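There are 2 protein chains.
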Amino acid sequence: MSEIGIMEWAKKVRENDRMAAAKLISAIERKEKVARDVLKHLFIPVGKTTVLGVTGSAGAGKSCLVSCLIGAYRKRGKTVGVIAVDPSSPFTGGAFLGDRLRMQAHGRDRGVYIRSMASRGYLGGLARGTVDAMRVMEAMGHDVVIVETIGTGQDEVDVARLVQTCLLVLTPTMGDDIQALKAGIMEIAQVVVLNKTDMPGKQKALLELEVALKMRRVEEEGWPVPVVPAVATTGEGIDEVMDQIEKHQVHMRKGDGLKQYAFQKAEKEGSVIIKDEIERVIFDHIRGTGLRRKYLDKIVAGEIDPYTAVEEVMALFIKKSKKHIQVQ
Amino acid sequence: MSEIGIMEWAKKVRENDRMAAAKLISAIERKEKVARDVLKHLFIPVGKTTVLGVTGSAGAGKSCLVSCLIGAYRKRGKTVGVIAVDPSSPFTGGAFLGDRLRMQAHGRDRGVYIRSMASRGYLGGLARGTVDAMRVMEAMGHDVVIVETIGTGQDEVDVARLVQTCLLVLTPTMGDDIQALKAGIMEIAQVVVLNKTDMPGKQKALLELEVALKMRRVEEEGWPVPVVPAVATTGEGIDEVMDQIEKHQVHMRKGDGLKQYAFQKAEKEGSVIIKDEIERVIFDHIRGTGLRRKYLDKIVAGEIDPYTAVEEVMALFIKKSKKHIQVQ
Numbered sequence: 097m098s099e100i101g102i103m104e105w106a107k108k109v110r111e112n113d114r115m116a117a118a119k120l121i122s123a124i125e126r127k128e129k130v131a132r133d134v135l136k137h138l139f140i141p142v143g144k145t146t147v148l149g150v151t152g153s154a155g156a157g158k159s160c161l162v163s164c165l166i167g168a169y170r171k172r173g174k175t176v177g178v179i180a181v182d183p184s185s186p187f188t189g190g191a192f193l194g195d196r197l198r199m200q201a202h203g204r205d206r207g208v209y210i211r212s213m214a215s216r217g218y219l220g221g222l223a224r225g226t227v228d229a230m231r232v233m234e235a236m237g238h239d240v241v242i243v244e245t246i247g248t249g250q251d252e253v254d255v256a257r258l259v260q261t262c263l264l265v266l267t268p269t270m271g272d273d274i275q276a277l278k279a280g281i282m283e284i285a286q287v288v289v290l291n292k293t294d295m296p297g298k299q300k301a302l303l304e305l306e307v308a309l310k311m312r313r314v315e316e317e318g319w320p321v322p323v324v325p326a327v328a329t330t331g332e333g334i335d336e337v338m339d340q341i342e343k344h345q346v347h348m349r350k351g352d353g354l355k356q357y358a359f360q361k362a363e364k365e366g367s368v369i370i371k372d373e374i375e376r377v378i379f380d381h382i383r384g385t386g387l388r389r390k391y392l393d394k395i396v397a398g399e400i401d402p403y404t405a406v407e408e409v410m411a412l413f414i415k416k417s418k419k420h421i422q423v424q
Numbered sequence: 097m098s099e100i101g102i103m104e105w106a107k108k109v110r111e112n113d114r115m116a117a118a119k120l121i122s123a124i125e126r127k128e129k130v131a132r133d134v135l136k137h138l139f140i141p142v143g144k145t146t147v148l149g150v151t152g153s154a155g156a157g158k159s160c161l162v163s164c165l166i167g168a169y170r171k172r173g174k175t176v177g178v179i180a181v182d183p184s185s186p187f188t189g190g191a192f193l194g195d196r197l198r199m200q201a202h203g204r205d206r207g208v209y210i211r212s213m214a215s216r217g218y219l220g221g222l223a224r225g226t227v228d229a230m231r232v233m234e235a236m237g238h239d240v241v242i243v244e245t246i247g248t249g250q251d252e253v254d255v256a257r258l259v260q261t262c263l264l265v266l267t268p269t270m271g272d273d274i275q276a277l278k279a280g281i282m283e284i285a286q287v288v289v290l291n292k293t294d295m296p297g298k299q300k301a302l303l304e305l306e307v308a309l310k311m312r313r314v315e316e317e318g319w320p321v322p323v324v325p326a327v328a329t330t331g332e333g334i335d336e337v338m339d340q341i342e343k344h345q346v347h348m349r350k351g352d353g354l355k356q357y358a359f360q361k362a363e364k365e366g367s368v369i370i371k372d373e374i375e376r377v378i379f380d381h382i383r384g385t386g387l388r389r390k391y392l393d394k395i396v397a398g399e400i401d402p403y404t405a406v407e408e409v410m411a412l413f414i415k416k417s418k419k420h421i422q423v424q
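Chains as they are written, first to last, in the numbering used here: chain E, 97 to 424; chain Y, 97 to 424.
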């Protein structure tokens, strides 16, 4: 695509053209080079948008909570963009419609834009696509951008660190395996929502959460993580969730907080992009050379171990010395 | 460490020296170069070991099922190695003791070796450490190696593809979010265990699973995925699970099945290792140059977009041409 075509595409996205945005996110998912070119023109001043994360394991009621949040923000006149990251088949690469269907209530509202993302193939994971989609959503000019993810794995942690306020959704009914999960993801949450508190086990869960939160080793200064009981299906507790988000937003934006966030975001974003781009470059280098097949055959035949094989392949395209790196 | 020291270390691991194996896995977790050197000497002929995966979301009862499987294999005189991949704090890098405690019953049995893995920091994820630990467990000479993981995210899918027979553990009590999860991970499971069938919802869940399995787009030829109802806490259904594992093992090893598996394993293992090694190389290149800080400052100041920044950084250490790649 010509540079003019790319600029035009980026302009349309910035003007909140849904078709242009949808096309761009699809290009991102397909890892097309043109996506990267358009993204370069989607600068967004950090802080304009409220960027929220909603994370938690399957069945916790994340989508339902997101739906409540959309409703609450719409009542306040805010526009909302949602990125729902669905686990998807590694074979088909298809995303599931569950979340979209659940959010159908907001489907005809022009102030709401919902997009499901598939995390596919081993050539790049969930993190990169989500990072890029977040940039698109922010560029479109939504007041609020919400990213919904399942809270396990490194990709999830990466995404959670890119948002300003991260909500962790838990339920009182989950098994004791949840303990470990909670402790892992808890460090990155700014607000914990204990959902489904109409079910038994509420008090016990609140107590456990209190203990778990006390055990956090890293804490955002001056921000004790609140636990908000809620029943997302009825909307109970949502006002309190909104209050806590607002409070954290005020806290986060205090002093040079926004600059710190911008720095942290650039760091994380850069690290996600570089990992992904490098994979692309490697595969570009190797494609069509027969190198891959040669090494696989050797490994299967027991002639070489995979560690040495990787070293040999890398030596072919990575410069040895770092002497040439000069910082002006 | 000297080459002789490295050879000696590898030899000890192959002789089932637990101390040597534990030290090696710790070195793997700390991403020490010496770990890679020792791993190079741990060749294992593919197929000797039965390699199982047990996956499923938090609270499904994976650890409990693994404990049952250990018991069943021990009764048959087989030795078992277990790798339990725990979600862990991104800040502390600590693994949780839950699984280990749960498996304490097998703690004093010399025929069982259990190891928890932490998935830490963004410099390399769960997949690489697990791949390496699997190699260690196989080299130790265990008859059976079991990898227990939480079934979401790309890393998990990577790990599931490295095992011979993958068990997916589900429960009838999980919310409807589980639908998506199931569909995503289901493609890589060879046996589905519906655990906790003493709870309500068994028939409905079995029906749903039947439908979901029919919708699979990719199927292992000649292997219709069985669903086995079980109650891991009482051992109910474990005999049937063992039968199905055995049946799949026979199926998988038929014809040139084992060679196909070896090829697939080498492919996956190579792809996991190369991603990880390249990250290491990049960070080695950039460390101490001031480059990282320079670009972060520029991004925060809005002087450059992260995509262009990454391109500029990569140009510094990746060879432009692929003409020099020659396959002999």
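In case anyone wonders, no lab produced these hints; they're calculated from the structure. Since the model is a prediction, treat every value here as computed from it, not as a measurement. Possibly wrong hints are sitting among the right ones.
Note that the list lumps identical chains together, so a pair holds whenever it fits in one copy or between two copies.
Unchecked claim - In silico DSS-like links for lysine-lysine, alpha-carbon gap of 25 Å or less:
#1 K300 <-> K129
#2 K415 <-> K390
#3 K136 <-> K364
#4 K144 <-> K119
#5 K127 <-> K364
#6 K310 <-> K171
#7 K129 <-> K119
#8 K394 <-> K364
#9 K107 <-> K119
#10 K415 <-> K343
#11 K298 <-> K415
#12 K298 <-> K144
#13 K394 <-> K350
#14 K394 <-> K355
#15 K394 <-> K107
#16 K107 <-> K310
#17 K129 <-> K108
#18 K298 <-> K127
#19 K390 <-> K364
#20 K390 <-> K355
#21 K136 <-> K107
#22 K355 <-> K300
#23 K144 <-> K394
#24 K298 <-> K119
Problem - Ascending list of hint numbers which this structure does not respect - result: 1, 6, 10, 11, 12, 16, 18, 22 and 24
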